[in-house]
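Peer 1: Make the full structure from the sequences, and use the hints.
Top to bottom, those sequences are chains A and B.
The opening position of the first sequence corresponds to residue 670 in the working numbering, with each subsequent residue numbered one higher.
The opening position of the second sequence corresponds to residue 138 in the working numbering, with each subsequent residue numbered one higher.
By construction, these hints were calculated from the structure, which means they are not laboratory data.
Don't be surprised by glycine CBs; every beta carbon is placed ideally from N, CA and C.
It cannot be assumed that every hint is accurate.
[Stated by the list, open to error] List time: in silico DSS-like cross-link candidates among lysine-lysine, alpha-carbon distance up to 27 Å: (1) A:LYS769 with B:LYS212; (2) B:LYS212 with A:LYS799; (3) A:LYS769 with A:LYS678; (4) A:LYS729 with A:LYS779; (5) B:LYS212 with B:LYS175; (6) B:LYS249 with B:LYS209; (7) A:LYS769 with B:LYS175; (8) A:LYS678 with B:LYS212; (9) B:LYS249 with A:LYS678.
[As the list claims (entries may be wrong)] One-sided excerpt, in silico: chain B residues whose CB lies under 7 Å from chain A: (10) GLY156; (11) ALA160; (12) ASN224; (13) GLN227; (14) LEU234.
[To be verified] Chain B side only, calculated, beta carbon under 8 Å to chain A, not exhaustive: (15) ASP159; (16) SER201; (17) GLN203; (18) VAL225.
Chain by chain, the residues run as shown.
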Amino acid sequence: MFARDFFCKRESLPCIREFIRLHLSELEDITSNQIILAVDEVCANAIIHGRGRKEPFQLKISILSIHNQITVEITDTAEPYPIPIPTQTSAAEKIKMRAKGGLGLVLVQKIMDQIEIERLPDAHIIRMIKRI
Amino acid sequence: MPPYRTEVNDTFISIFLEGDLDANSSIQADEQLSQLMKSGQYRLHFDFTNVEYISSAGIGVFLSYQDEISEKGGKMVFSGLRPRVLNVFQLLGLDQLLEITPTSIEALERLKV
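Peer 2: What follows is the structure, encoded as structure tokens:
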């Protein structure tokens, strides 16, 4: 397992993607990009909606690749914040609504095989599994 | 980050996007697109040849203007998407809703009046 801490700010997103990319080098490009995207979306959600108990708060990301299964765990220490449930709103409806957001967790759900959300008193843990 | 390079043609504008379009960098794309809309530019070609990565934040920028552009009789055409970038559009079914062409030449053909 590989793990690393990142400052929870928008500017960290390229470093987070690079960290994941380094550990998925054996996968084909599209699959690797999908997992990177799912991690990026969850982290962006925490960065945009989370407020730290102490600023800036941190994101801990760990990645484990074993038996054709990739597990990524993202832990943030932000104050409780809403983790939106992906809606059934289609992209066509989003266009009509002229909405900029709301598709990130839809993508996560489409990409990953399993998503678990744990809300602890002082942290959120989002665990995502992709079977290859 | 400087604004993306643009090329003004008779009937449309080409915007040459670069790098990653994520929750951070897409803010700039949004500002630039907003300026184009304010100046009445509704026929737009987005060249993705140098775009390495896109997240929902990047895609959201384009989606949020699509309806207004259609309403004004305009058009957005996207070209040069790498397979991994195109795949993100496909995951959301956007390859069926937006005009996406493999090359710039095809995109420009679609934008000629």
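Peer 1: Indicate, hint by hint, whether the structure satisfies it.
Peer 2: Structure-based check of all given hints:
no.	hint	in the structure
1	A:LYS769 with B:LYS212	holds (18 Å)
2	B:LYS212 with A:LYS799	violated (37 Å)
3	A:LYS769 with A:LYS678	holds (20 Å)
4	A:LYS729 with A:LYS779	holds (23 Å)
5	B:LYS212 with B:LYS175	holds (15 Å)
6	B:LYS249 with B:LYS209	holds (16 Å)
7	A:LYS769 with B:LYS175	holds (18 Å)
8	A:LYS678 with B:LYS212	violated (35 Å)
9	B:LYS249 with A:LYS678	violated (42 Å)
10	GLY156	violated (9 Å)
11	ALA160	holds (4 Å)
12	ASN224	holds (5 Å)
13	GLN227	violated (10 Å)
14	LEU234	holds (6 Å)
15	ASP159	holds (5 Å)
16	SER201	holds (4 Å)
17	GLN203	holds (5 Å)
18	VAL225	holds (6 Å)
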